[in-house]
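Protein chains: 2
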Amino acid sequence: MSDNFAATRVRALSVRDIRFPTSLENTCPSEQHPDPDYSCAYVTLFTDTDLRGHGLCFTLGRGTELVVSAVKSLARLVVGRPLSKLLYGNMRATWHSLVSESQLRWVGPEKGVVHLAVGAVVNALWDLWARLERVPLWKLLVDMDPQVLVSTIDFTYITDALTEQEALQMLQQMQEGKQERENFMLKNGYPAYTTAAGWIEYSDEKIRTKCEQFLARGWRHFKLKVGLDLQRDKERCRLVRDIIGFCRPLWIEEPTSPDDILGHATIADALRPLGIGVATGEACQNRVVFKQLLQAKAIDFCQIDACRVGGVSEVLAIYLMAKKFNVPVCPHAGGVGLCQMVQHLQMWDYVSLTGTTKNRVIEYVPHLEEHFKTQINVTNCRYFPPKIPGYSVEMWAKSLQDYEYPAGPAWKKLYAEGKFPDPAMEKCPLVERPIERISKR
Amino acid sequence: MSDNFAATRVRALSVRDIRFPTSLENTCPSEQHPDPDYSCAYVTLFTDTDLRGHGLCFTLGRGTELVVSAVKSLARLVVGRPLSKLLYGNMRATWHSLVSESQLRWVGPEKGVVHLAVGAVVNALWDLWARLERVPLWKLLVDMDPQVLVSTIDFTYITDALTEQEALQMLQQMQEGKQERENFMLKNGYPAYTTAAGWIEYSDEKIRTKCEQFLARGWRHFKLKVGLDLQRDKERCRLVRDIIGFCRPLWIEEPTSPDDILGHATIADALRPLGIGVATGEACQNRVVFKQLLQAKAIDFCQIDACRVGGVSEVLAIYLMAKKFNVPVCPHAGGVGLCQMVQHLQMWDYVSLTGTTKNRVIEYVPHLEEHFKTQINVTNCRYFPPKIPGYSVEMWAKSLQDYEYPAGPAWKKLYAEGKFPDPAMEKCPLVERPIERISKR
Numbered sequence: 001m002s003d004n005f006a007a008t009r010v011r012a013l014s015v016r017d018i019r020f021p022t023s024l025e026n027t028c029p030s031e032q033h034p035d036p037d038y039s040c041a042y043v044t045l046f047t048d049t050d051l052r053g054h055g056l057c058f059t060l061g062r063g064t065e066l067v068v069s070a071v072k073s074l075a076r077l078v079v080g081r082p083l084s085k086l087l088y089g090n091m092r093a094t095w096h097s098l099v100s101e102s103q104l105r106w107v108g109p110e111k112g113v114v115h116l117a118v119g120a121v122v123n124a125l126w127d128l129w130a131r132l133e134r135v136p137l138w139k140l141l142v143d144m145d146p147q148v149l150v151s152t153i154d155f156t157y158i159t160d161a162l163t164e165q166e167a168l169q170m171l172q173q174m175q176e177g178k179q180e181r182e183n184f185m186l187k188n189g190y191p192a193y194t195t196a197a198g199w200i201e202y203s204d205e206k207i208r209t210k211c212e213q214f215l216a217r218g219w220r221h222f223k224l225k226v227g228l229d230l231q232r233d234k235e236r237c238r239l240v241r242d243i244i245g246f247c248r249p250l251w252i253e254e255p256t257s258p259d260d261i262l263g264h265a266t267i268a269d270a271l272r273p274l275g276i277g278v279a280t281g282e283a284c285q286n287r288v289v290f291k292q293l294l295q296a297k298a299i300d301f302c303q304i305d306a307c308r309v310g311g312v313s314e315v316l317a318i319y320l321m322a323k324k325f326n327v328p329v330c331p332h333a334g335g336v337g338l339c340q341m342v343q344h345l346q347m348w349d350y351v352s353l354t355g356t357t358k359n360r361v362i363e364y365v366p367h368l369e370e371h372f373k374t375q376i377n378v379t380n381c382r383y384f385p386p387k388i389p390g391y392s393v394e395m396w397a398k399s400l401q402d403y404e405y406p407a408g409p410a411w412k413k414l415y416a417e418g419k420f421p422d423p424a425m426e427k428c429p430l431v432e433r434p435i436e437r438i439s440k441r
Numbered sequence: 001m002s003d004n005f006a007a008t009r010v011r012a013l014s015v016r017d018i019r020f021p022t023s024l025e026n027t028c029p030s031e032q033h034p035d036p037d038y039s040c041a042y043v044t045l046f047t048d049t050d051l052r053g054h055g056l057c058f059t060l061g062r063g064t065e066l067v068v069s070a071v072k073s074l075a076r077l078v079v080g081r082p083l084s085k086l087l088y089g090n091m092r093a094t095w096h097s098l099v100s101e102s103q104l105r106w107v108g109p110e111k112g113v114v115h116l117a118v119g120a121v122v123n124a125l126w127d128l129w130a131r132l133e134r135v136p137l138w139k140l141l142v143d144m145d146p147q148v149l150v151s152t153i154d155f156t157y158i159t160d161a162l163t164e165q166e167a168l169q170m171l172q173q174m175q176e177g178k179q180e181r182e183n184f185m186l187k188n189g190y191p192a193y194t195t196a197a198g199w200i201e202y203s204d205e206k207i208r209t210k211c212e213q214f215l216a217r218g219w220r221h222f223k224l225k226v227g228l229d230l231q232r233d234k235e236r237c238r239l240v241r242d243i244i245g246f247c248r249p250l251w252i253e254e255p256t257s258p259d260d261i262l263g264h265a266t267i268a269d270a271l272r273p274l275g276i277g278v279a280t281g282e283a284c285q286n287r288v289v290f291k292q293l294l295q296a297k298a299i300d301f302c303q304i305d306a307c308r309v310g311g312v313s314e315v316l317a318i319y320l321m322a323k324k325f326n327v328p329v330c331p332h333a334g335g336v337g338l339c340q341m342v343q344h345l346q347m348w349d350y351v352s353l354t355g356t357t358k359n360r361v362i363e364y365v366p367h368l369e370e371h372f373k374t375q376i377n378v379t380n381c382r383y384f385p386p387k388i389p390g391y392s393v394e395m396w397a398k399s400l401q402d403y404e405y406p407a408g409p410a411w412k413k414l415y416a417e418g419k420f421p422d423p424a425m426e427k428c429p430l431v432e433r434p435i436e437r438i439s440k441r
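Residue numbers (the UniProt record's numbering), protein chains in the order written: chain A, 1 to 441; chain B, 1 to 441.
Please note: incorrect hints may appear among the correct ones.
What the hints assert, rightly or not - Label pairs and their computed distance ranges (CB to CB): (1) B/His96 - A/Arg238: 55 to 61 Å; (2) A/His96 - B/Asp233: 52 to 58 Å; (3) B/Leu414 - A/His96: 26 to 32 Å; (4) B/Lys206 - A/Gln165: 40 to 46 Å.
Unchecked claim - Restricting the straight-line Cα-Cα distance to at most 25 Å, the calculated cross-link-like pairs of lysine-lysine (DSS-like) are: (5) B/Lys234 - B/Lys206; (6) A/Lys412 - B/Lys72; (7) A/Lys234 - A/Lys206; (8) A/Lys324 - A/Lys178; (9) A/Lys206 - A/Lys187; (10) B/Lys234 - B/Lys210; (11) B/Lys206 - A/Lys419; (12) A/Lys387 - A/Lys178; (13) B/Lys412 - A/Lys72; (14) A/Lys72 - B/Lys72; (15) B/Lys398 - B/Lys387; (16) A/Lys72 - B/Lys419; (17) A/Lys297 - B/Lys297; (18) B/Lys358 - B/Lys324; (19) A/Lys398 - A/Lys72.
Honestly, the hints are just simulated from the structure, not real lab data. Treat the numbers as computed from the prediction; the structure is a model and nothing was measured. Glycine residues also receive a C-beta, built at the ideal position from the N, C-alpha and C atoms.
Build the full structure now, drawing on both the sequences and the hints.
This is the structure we're talking about:
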């Protein structure tokens, strides 16, 4: 704990609506999201000292303003409070206070807009904590006493699957050999897979070229987007198979509604004899739904998202449950800042929790990386552990300024060029203050 | 269909943040919501003619601004469009477009803030439809051809439990005897239960007095709030039992996380031998979760909420699934406008779907009724069918003006009297535009 810790308070919080005009690039992530503008609600916690914490949650453009507004509503729960009351032994209570705000919880609870906002704030708190200790987040977690680590997790609603005592035991049992595993990671890195060869709008020719390039560079796991049309899906699968030479999909991802636990279980049951797994999680709202996906044997791969659930504290709970149910975690990444975050979590999983990379890969999609101060080190298709203190999501001040929506210079330029409609110039279809006669009661 | 229908368009939409300072009254709905300010996001659709549609979704104060903002983001999907393209045979497509907006859906999908917003807009569309036909909503539904009725429902993600064809057959089978059942309702009304005798902060003395009063007035179903402390809960149960003389709880409500389908199933299993049912639904996010609660035998009573899920169209899907799984619907009411809405749905359930009131009661909590133009008619502990066209949620213009948050006169008075903090005067802890040096890249 650094010297000035006791005296340090969160002095202020800022939250910004940062959007990148990726819909112009025509990189369609799925048939349900044909035209995303990759975005984030970007949170900075300012303290009495130079120390700052940064956190974000990934969004697709419209709707970011809702998360930004929700963060503002949560701000009073962290601003003005000393770090000693927010972090360390108080992290669980801090987290619980954020998800159970007595009025706000009605418009959740623990899901959607308000939970994404919690994720961004909690991630900023963990970034602050790691910076305070002057270590990258994965190292903070790895070196953390198991007792302290489980004390940061709120076990409410999951004790039927995992108690605090069981979590503690799992971590304690893995203390041995930690240093060797850390050295192994520092030397060899963590295996990655690529999503960049199979975007849904790619032509057959482009898929062929991309697959050949990635294969030549050593990649062995490829993601192919499906869902537009069964016949086209089959043709595309055949095309990729012809090039990469593998026989069977490792998993199918989110094959039905992310809310349908029993539906996923039915699909997983049907696919198990074929040796094809079911993966899901990027749209899974919280630890309670992950718990049930595990209990119902509905998933063979657990795809946590670093900021859809309530930040690091809740993600740790999900990793611990996945370990107990013997399901590997392969995190969702890409978007804005997800690769930056999940590498830390997966390093911790290897060193402190599971001790294996078997059946585990981290998604890698290197778009928008240039906006982050800490560069991801993916070499020879492997993620190497970050070395800079924090959670790796601090963005360049110039990127924040340029891409703040709707008035950042990059956006103004797009309006001027006619590439995007200027929201200020839109003929607003709302009547915000309808003029009405006040009727007699 | 009225004559000027073809030409009519939705000209504009207004949405207002309406809050009532109920936290000052100390009527605590549950231990998780100790100090709610009962509120709503209130939507009005304006057309080319005098015709308007009103819809709302119930909230608890903070967070209403998020739903209001989400409604504004959805407005472009309905404003400017002719009613012929929004309603009737196009209702399913309209609903689907609202829940699958390609960027907004990421911060849901179909849950929390964005789904509450969909509920308010969809309820306003149904109100408009009923007014167009000059009938109350329950009568619109009752007289609707079964084929048209099922065409308003989006069956996506529920066909494994209920197909459109099955839904159609269930409705067609109940066509016979409809007129008799409608007459029965008009004459005898629908049984209600009261929540007003057992609020959690009531003293034993107050509970005793209230129970005796309600019992004398003919009430036979009482709700008692629990959850603060097991010993106190037991004492309060004993107290009520001594007065009303009934032996066993009919149900226990939302005994665990609203997201925990399998947890509810475990509790229901354990309680079944005791003859105590499990009820849940007021915080259940959408039809996909209700489907699983039914599939897993996790609920004995289905407590739909008229606006947490996506409005009338989605509520109908849930009623139809409940009928198939033979689970009675006892709607969540109270709040702001919920009693007004659910009475319509429950009348339709009796006349057109199940033909019975066995094990079915409508919650009745008559607070804030005075703000609505259409009065609820509860006589001798029974709801009588509304007679005025629409969905009964139109509020008095004066109420809307007075209680609009944060600048309505009723709120300004409270700030002046020192009863509520004026948000405009709060020392804002946010730094919205942090001044930062732009670092060299």
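Which numbered conditions among the earlier hints are violated in the structure presented, ordered from lowest to highest? 1, 2, 9 and 11
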